[in-house]
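Top to bottom, those sequences are chains A and B. Quick note on this note's numbering: the first sequence kicks off at 5 and runs consecutively. Quick note on this note's numbering: the second sequence kicks off at 219 and runs consecutively.
Since the hints were made in silico from the structure, they are not lab data. It cannot be assumed that every hint is accurate.
Over 12 Å on every C-beta distance to chain A, these chain B residues come out as not near it, computed from the model [said to hold, decoys possible]:
id	residue
1	Q246
2	T259
3	G280
4	P298
5	D299
6	H302
7	L307
8	L319
9	P326
10	S347
11	L364
12	L439
13	T450
Chain A regions said to be covered by chain B (calculated; three or more residues, Cβ under 8 Å) [stated by the list, open to error]:
id	segment
14	94-101
15	294-303
16	306-316
17	371-385
18	388-396
Derived CB-CB ranges, DEER-like [what the hints assert, rightly or not]:
id	chain 1	residue 1	chain 2	residue 2	range
19	A	F306	B	S350	30 to 40 Å
20	A	R300	B	S350	15 to 25 Å
21	A	F306	B	S347	19 to 29 Å
22	B	P326	A	R300	14 to 24 Å
A virtual CB, placed ideally from N, CA and C, is assigned to each residue, including glycine.
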Amino acid sequence: MKQPKYLVGTLAGVAWMAMFALRPMLRANPTAELGEQIANIVEWLPALETAAALALLVALSLWWLWPFGKASLELNETELHLLLPAPVRRRHLIQYAVLRSQWGVLFGCFMISLFSSGGVPGLFVWRFVTVWMFLTLWHLHGRGRGLWLARLQELPPALAWRRRATVMALVACVWVLLVSGIASVVTPLSGLSTDGAATLQGALSLERLRADAPLFALLLTPTRWLVGPIFGGLVPNAPLVGRLASAAWPLLLVIVHNEWVVRSQTRFEEATLERSRRQAAKGDAAARFRKVRRRRRQQAPFTLGPVGRPETAIVWKNLMLAHRTHLGFAIAAVVVASTGLPEWLIAIMTVAGTVGLGVTPLMAGHQWRNDLRTDLLRIDVIRTWPIDGWRLFTSQVVPPAMVATLYAAGAGGLLLIAGIAATTPGASGTVLLPPDLAASLGVSQLTLLLLGLATLLPLVAAVAALSATLQNLLALLWPSWIQLGQRRTGSAAHIGQGMLTGLGLLVALAVGLLPGGLLIGTWLFLQLRVAELPFIAWQLPLLGMTAVIPLAVIVWLLTRFGGVLWDQLDPSAELLGAERPAS
Amino acid sequence: MIDITQLVKVYDGFRAVDGLSLRVETGQILGLVGPNGAGKTTTLRCLAGIIPPTSGHITIAGFDLHTHPIEARQRLAFVPDEPHLFDHLTALDHLTLFARLYGVTDGPTRAETLLEEAELVDQRLSFPSELSRGMKQKLVVACALLHRPEVLVLDEPLTGLDPAAMRRMKRTVRDTAAAGASVIVSSHMLQLVEEVCDRVLIVNRGTQVLAGTLDEIRLQLPDVDADADLETLFMKATGADT
Numbered sequence: 005m006k007q008p009k010y011l012v013g014t015l016a017g018v019a020w021m022a023m024f025a026l027r028p029m030l031r032a033n034p035t036a037e038l039g040e041q042i043a044n045i046v047e048w049l050p051a052l053e054t055a056a057a058l059a060l061l062v063a064l065s066l067w068w069l070w071p072f073g074k075a076s077l078e079l080n081e082t083e084l085h086l087l088l089p090a091p092v093r094r095r096h097l098i099q100y101a102v103l104r105s106q107w108g109v110l111f112g113c114f115m116i117s118l119f120s121s122g123g124v125p126g127l128f129v130w131r132f133v134t135v136w137m138f139l140t141l142w143h144l145h146g147r148g149r150g151l152w153l154a155r156l157q158e159l160p161p162a163l164a165w166r167r168r169a170t171v172m173a174l175v176a177c178v179w180v181l182l183v184s185g186i187a188s189v190v191t192p193l194s195g196l197s198t199d200g201a202a203t204l205q206g207a208l209s210l211e212r213l214r215a216d217a218p219l220f221a222l223l224l225t226p227t228r229w230l231v232g233p234i235f236g237g238l239v240p241n242a243p244l245v246g247r248l249a250s251a252a253w254p255l256l257l258v259i260v261h262n263e264w265v266v267r268s269q270t271r272f273e274e275a276t277l278e279r280s281r282r283q284a285a286k287g288d289a290a291a292r293f294r295k296v297r298r299r300r301r302q303q304a305p306f307t308l309g310p311v312g313r314p315e316t317a318i319v320w321k322n323l324m325l326a327h328r329t330h331l332g333f334a335i336a337a338v339v340v341a342s343t344g345l346p347e348w349l350i351a352i353m354t355v356a357g358t359v360g361l362g363v364t365p366l367m368a369g370h371q372w373r374n375d376l377r378t379d380l381l382r383i384d385v386i387r388t389w390p391i392d393g394w395r396l397f398t399s400q401v402v403p404p405a406m407v408a409t410l411y412a413a414g415a416g417g418l419l420l421i422a423g424i425a426a427t428t429p430g431a432s433g434t435v436l437l438p439p440d441l442a443a444s445l446g447v448s449q450l451t452l453l454l455l456g457l458a459t460l461l462p463l464v465a466a467v468a469a470l471s472a473t474l475q476n477l478l479a480l481l482w483p484s485w486i487q488l489g490q491r492r493t494g495s496a497a498h499i500g501q502g503m504l505t506g507l508g509l510l511v512a513l514a515v516g517l518l519p520g521g522l523l524i525g526t527w528l529f530l531q532l533r534v535a536e537l538p539f540i541a542w543q544l545p546l547l548g549m550t551a552v553i554p555l556a557v558i559v560w561l562l563t564r565f566g567g568v569l570w571d572q573l574d575p576s577a578e579l580l581g582a583e584r585p586a587s
Numbered sequence: 219m220i221d222i223t224q225l226v227k228v229y230d231g232f233r234a235v236d237g238l239s240l241r242v243e244t245g246q247i248l249g250l251v252g253p254n255g256a257g258k259t260t261t262l263r264c265l266a267g268i269i270p271p272t273s274g275h276i277t278i279a280g281f282d283l284h285t286h287p288i289e290a291r292q293r294l295a296f297v298p299d300e301p302h303l304f305d306h307l308t309a310l311d312h313l314t315l316f317a318r319l320y321g322v323t324d325g326p327t328r329a330e331t332l333l334e335e336a337e338l339v340d341q342r343l344s345f346p347s348e349l350s351r352g353m354k355q356k357l358v359v360a361c362a363l364l365h366r367p368e369v370l371v372l373d374e375p376l377t378g379l380d381p382a383a384m385r386r387m388k389r390t391v392r393d394t395a396a397a398g399a400s401v402i403v404s405s406h407m408l409q410l411v412e413e414v415c416d417r418v419l420i421v422n423r424g425t426q427v428l429a430g431t432l433d434e435i436r437l438q439l440p441d442v443d444a445d446a447d448l449e450t451l452f453m454k455a456t457g458a459d460t
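Chain A extracted, bound-state conformation (with noise of 0.2 Å):
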């Protein structure tokens, strides 16, 4: 945080995030309304109660049945190597393992409170506390059941075998209750007719579990006491007492299976350093080039020949990061069209090219990272290229925004081939477009979305650049806050300031859409509500346009700013991590 620049995107960012926070504690009585929400389910709670217990304890059963586990801990290669020899016992090794790995449980607590306690303050604490403790449990039992699956391959063979005997006899023992009380729990649910809800209820309410199924409702209690203070945040005026009170049964269970971790006496050193081995490798972006065939390796997205524009190079570099596949093929396969296609799969094509279509290019920049964020580490020999800022800076932004709209025009093609499928002889037209919104602009539905890809094409080229432009600009301006490489990491660290930056983001993007957006509803109102003109499905491609146009000056004006934040880039501290002399 040496950099000021760094304290006001902190700042920013906080602000972001307590205003997003805060928001419902501002409003006039938050618990009130919280309140007002929480009553419509409150009569759900025991049922939900019931649910959540079953399915805790169907996949805590089904998880004893998988033979396999892990026997690491999360320690990596330096730590292993400098606390294996260290004169530390072997419990506080253990408990350091299992410590470290509470950023991550800690930082998902934050997350989840944040986004489900309503801005009520007490519900924020207590719904961290109690997901605090059933994350954690979960992560030790997952923990200690590895140890102990990988303790019995060192036990004699005879002693493994009547552990894992009595684990599967435990096991089974569940599955028989668990499928008599699942039977008692469906039985009336068969009969359901007007008041569902109301059935569903009563099935699954303690009350009618304990009479139809007494041991089902018994074998359900420890996970139901384990979910219960989860939803017990929500149940309106409940005594405090009786809250903490049933938060001691997981806290109890979380003492224990931290003991039971601790003290496992599982060979776990080869396995640990297996694992950061592996996790090491991972983050080995080269390796997996190692697997690309020979003749794939003469590929190229186009021929670069020696002599022309050297930004070319450029772009030629980073399309190969993404794909060693000619563009000529990637544009024929877009041009595709067939006939005959059963319903069902017109209507997945369809889904699945919509989605494309309207994901692909906000996704550009994030997706793709075929730019300055994969060559901001090669910095050392890109800033001795001989290239304009700005030219150098636009040839790093357009190979993402070139991916992202190949897939884009890709998932375009999967609605052109649904469309012409929907309209052949035999099939309804109907899953693709409405009918009557064709016929009211006059033309046919074929017509239609071809006007309809004409339109939204250029604006997904011009939304994708921008995505990309904002993501390169950013790798600038906070390069210590942009995972540079092809390699992304899930620590909190990384998180929370991929979450920072998405926002931001998420907002450039909107105002960078505005104009666009301002200039199509001004045209819309003139031509409706002033001229009163009819709308006509071939101006279309008119309106797309209108909202490319002040896209593409945005973007060409950020570009420009990105090639002087380039040319005046100092990457010493930052980037190069700079020498200094011992004092």
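Place chain B on chain A using the hints.
Same frame as chain A, now just chain B:
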């Protein structure tokens, strides 16, 4: 020709380079030596245009790096201490990329020649992760030499090389200078500097301590034998022998 005048580089309040000046004529090889953190790499990075200097002037083959960065970079090649290559590009791809970046009209032919000289013909379709440290270093040098630079800057060029590769690297440096390039070699391997370089610049704490040919440096230091080697001179000059 390389001309650096009163170069200063400050970051986070620390003066990594403090008023350093040097000049390397055409066909000359300058050895840049100094203890860790002396400012060698920072100087070379400023010279290569990787980091902007705080003040001072850098001229490469007659072009001011600040006012004519493209022209200056077009004539320069920098070989960093770590062979940073692109994971997803083969050896041949690297040369194709550099040929286009620098507009080398005979790029494909020259790439094949350089691959042969670097004994990387069999590895032309290999990715960097499939190359040894020495092979990577040779590929980086091949990329650097592709556009026949007028200025060659090498930072620790022998790190990780086997004896045969070291010998080839020394020959390459000499040949490049003989072809008319100005060369700067920064290294902790004082024998290399003594063997290859025409002149030596000893830096410490970002400033010049001594500069000149070995004979000139010997004359500048008191109590030094007439046949003292660079290691002895370096220890004396930087005060590391006390």
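Interface exclusion of L439 (chain B) relative to chain A, criterion Cβ beyond 12 Å: Given a closest Cβ separation of 22 Å, the condition holds.
Using the Cβ atoms, figure out if R300 (chain A) sits within 15 to 25 Å of S350 (chain B). 23 Å, holds
Against chain A, does Q246 (chain B) hold up as non-interface, every C-beta pair farther apart than 12 Å? 21 Å, holds
Mind verifying the non-interface call on T259 (chain B)? Its CB should be farther than 12 Å from each CB in chain A. 7 Å, violated
Claimed coverage, the segment 388-396 of chain A by chain B - three or more beta carbons nearer than 8 Å: Result for this restraint: holds, n = 5.
Stated coverage of the segment 371-385 of chain A by chain B [criterion: 3+ residues, CB within 8 Å]: holds (count 5)
Hey, is T450 (chain B) genuinely clear of chain A, shortest beta carbon separation above 12 Å? 22 Å, holds
Are all C-beta atoms of chain A more than 12 Å from that of H302 (chain B)? Not fine: 4 Å to the nearest Cβ puts H302 (chain B) too close to chain A.
Please verify that the nearest CB of chain A lies beyond 12 Å from S347 (chain B)'s CB. Its Cβ does come within 12 Å of chain A, the nearest being 4 Å, so this is violated.
Using a Cβ cutoff of 8 Å, are there at least 3 residues of the segment 306-316 of chain A near chain B, or does the coverage claim fail? Satisfied; 7 residues make the cut.
May I ask you to test the hint 14 to 24 Å on the CB atoms belonging to P326 (chain B) and R300 (chain A)? Holds, since P326 (chain B) and R300 (chain A) (Cβ atoms, about 20 Å apart) stay within the stated range.
Grab the minimum beta-carbon distance between L307 (chain B) and chain A and tell me whether it stays above 12 Å. 7 Å, violated
Comparing the model with each numbered hint stated earlier shows that hints 2, 4, 5, 6, 7, 8, 9, 10, 11 and 14 do not hold.
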